[in-house]
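Trainee: Put together the whole structure using the sequences plus the hints.
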Amino acid sequence: MLGFLASLTARPSFTAHARLLVLYGNEYVFHPTDQQSGSSIVLDRDQIMQGELGILNSPTLAQEVVNDVGRQTLYPGMNSFNAETRQNAVTRFSRDLRITIVPQSNLIELSLRNLNRNVARRALEVFVQDYVRYRTEVFNRRTTDAPSTLHQQMVTAFHDAENHLVTFELEHNISDLPQQYSLLLRRVSDLEDEKTGILSEINNLDAQIDTIEHALAVLPKVVELYADTDESDRAKLLTNRLGQLMIQKADVGGRYKDNFPILQDINKQITDIEKNLHQIPGREKQTTRQGINSVYNELYQQNVLLHSRAVGLRAKQTTIAEAAEKLHARLHELVSLSAQYRALQTERDVMGASYQAITQNAEEARLTTVANQQASANIRVVQPPETPLHGTSLRLPLLALGIFAGGIVGAAVLALCVTTQKIFITVRDVESMLGLPVLAAVTDRNPPPPRQNSFLFWKRKP
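Note that the working numbering numbers the sequence shown so that position 173 is 407, with each residue one more than the last.
These are calculated hints, taken from the structure and not from any lab test.
All values reported here derive from a predicted model rather than from experimental measurement.
Every residue gets a Cβ at the ideal spot worked out from N, C-alpha and C, and that includes glycine.
Treat each hint with caution, since some may be false.
[What the hints assert, rightly or not] Pairs of lysine-lysine, DSS-like flavour, derived with a Cα cap of 30 Å:
{"#": "1", "residue 1": "Lys491", "residue 2": "Lys509"}
{"#": "2", "residue 1": "Lys470", "residue 2": "Lys455"}
{"#": "3", "residue 1": "Lys483", "residue 2": "Lys509"}
{"#": "4", "residue 1": "Lys470", "residue 2": "Lys429"}
{"#": "5", "residue 1": "Lys429", "residue 2": "Lys550"}
{"#": "6", "residue 1": "Lys429", "residue 2": "Lys560"}
{"#": "7", "residue 1": "Lys470", "residue 2": "Lys502"}
{"#": "8", "residue 1": "Lys560", "residue 2": "Lys550"}
{"#": "9", "residue 1": "Lys502", "residue 2": "Lys483"}
[Unchecked claim] Okay, the calculated beta carbon distance ranges per label pair:
{"#": "10", "residue 1": "Pro293", "residue 2": "Gln386", "range": "27 to 37 Å"}
{"#": "11", "residue 1": "Gln306", "residue 2": "Thr653", "range": "44 to 54 Å"}
{"#": "12", "residue 1": "Gln363", "residue 2": "His398", "range": "43 to 53 Å"}
{"#": "13", "residue 1": "Leu255", "residue 2": "Ala587", "range": "41 to 51 Å"}
{"#": "14", "residue 1": "Ala587", "residue 2": "Ile554", "range": "42 to 52 Å"}
{"#": "15", "residue 1": "Gln387", "residue 2": "Gln281", "range": "29 to 39 Å"}
{"#": "16", "residue 1": "Leu255", "residue 2": "Glu597", "range": "25 to 35 Å"}
{"#": "17", "residue 1": "Pro293", "residue 2": "Gln617", "range": "24 to 34 Å"}
{"#": "18", "residue 1": "Leu648", "residue 2": "Leu349", "range": "36 to 46 Å"}
{"#": "19", "residue 1": "Leu648", "residue 2": "Arg279", "range": "51 to 61 Å"}
{"#": "20", "residue 1": "Val652", "residue 2": "Gly288", "range": "52 to 62 Å"}
{"#": "21", "residue 1": "Arg279", "residue 2": "Gln306", "range": "36 to 46 Å"}
{"#": "22", "residue 1": "Gln386", "residue 2": "Gln338", "range": "41 to 51 Å"}
{"#": "23", "residue 1": "Leu349", "residue 2": "Ile659", "range": "52 to 62 Å"}
Mentor: This is the structure:
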């Protein structure tokens with residue numbers, strides 16, 4: 235009856251099937267650190283398949299599949315959210331999942347049973363996806379954080395070297411040592427050229443000042459600026475007298491000969507007057523004005539300008555000399571600091587190169603791993619998850635099992651009753667139970683109902 239009732243309540247279940255092909259990959263190849271000590275170690279097929287089987291049967295993978303699909307979707311009856319319910323769901327999923335390795339091949343058969351056809355197929359698809367991802371995490375999982383620790387140590391060392399270099403540059407006002415060398419040497423060369431030009435100009439100014447001062451010493455400071463002149467009175471008288479004598483000579487010359495005494499006297503007077511006219515200046519100064527000599531004044535101004543310019547050039551020469559001394563001192567300071575600066579810079583460069591190399595190698599390894607995982611994963615889905623249209627029911631097996639179990643239980647109960655009852659049915663029962671031989675037995679056609687624990691027998695006397 236129990237089997238019959240169980241067959242009536244049995245629901246059909248659907249089983250999704252899938253097949254995976256496991257290829258040989260680098261995951262199962264061990265490369266020794268010292269290649270000279272031996273070649274790479276490759277696992278055989280059985281070892282590889284056992285490793286894949288261990289990953290497929292991982293409870294963590296089952297937990298991820300249950301979480302991704304949904305516990306209520308897989309098993310609607312499990313509505314609780316406690317830890318025990320979650321564990322029961324994972325256990326039931328592991329029980330419903332069957333993983334079989336096809337003998338003498340690299341194929342793995344997967345089957346998942348569920349009461350819902352679509353849920354069975356969907357759950358098996360999620361299982362395959364999570365399996366590929368989970369095995370990738372397993373094979374790429376680091377056993378130690380040494381690479382990350384080394385990378386962090388290299389980053390810290392690089393930053394420390396950079397900070398030491400920057401602090402040293404700030405303390406000693408250094409930006410780029412070779413460039414500063416070049417600029418300081420160029421500045422010193424420019425100052426030397428400028429000093430040479432200023433010295434030459436100062437010498438030229440000193441020569442001009444000497445010449446002007448010599449000219450100033452010779453030239454008068456005050457000269458006549460203006461003079462008002464007029465014809466003198468004596469000259470006027472002599473000129474008038476000469477004119478009269480000339481008239482008389484012309485008058486007497488027309489009447490007398492040249493040797494006449496009157497004419498000779500007139501000629502003598504004319505000669506004396508002309509002689510006196512040559513000795514007397516024609517004009518006489520009436521008004522005069524004196525002032526500073528313009529040439530002297532101009533030379534004096536030039537002398538002042540040259541002196542002031544010479545003073546400025548000498549001050550500039552002093553400033554340039556001081557600047558040159560400071561530049562030379564700075565050059566000597568940089569020369570003394572160059573060794574320490576180059577040591578710090580070399581340390582920074584070495585740390586930077588090492589950090590860059592480690593970062594580049596790590597990034598290349600990561601990209602190579604990702605590319606290899608995406609391009610050459612050694613798991614192929616040969617048969618995607620499929621679910622038959624018709625499910626399988628346990629009604630007939632439950633009914634047959636119930637009938638079989640009922641027969642066995644009935645026979646067992648009958649045997650138990652027979653072995654435990656205290657009623658003798660046959661003579662053999664009496665002899666077997668009492669261990670005594672029966673001498674005679676009488677059949678009663680109308681026997682009274684036997685009482686419990688009553689029997690008829692004859693005991694033979696010894």
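Trainee: Hint by hint, where does the structure go against what was stated? Just the numbers, ascending.
Mentor: The structure conflicts with hints 2, 4, although it agrees with all the remaining ones.
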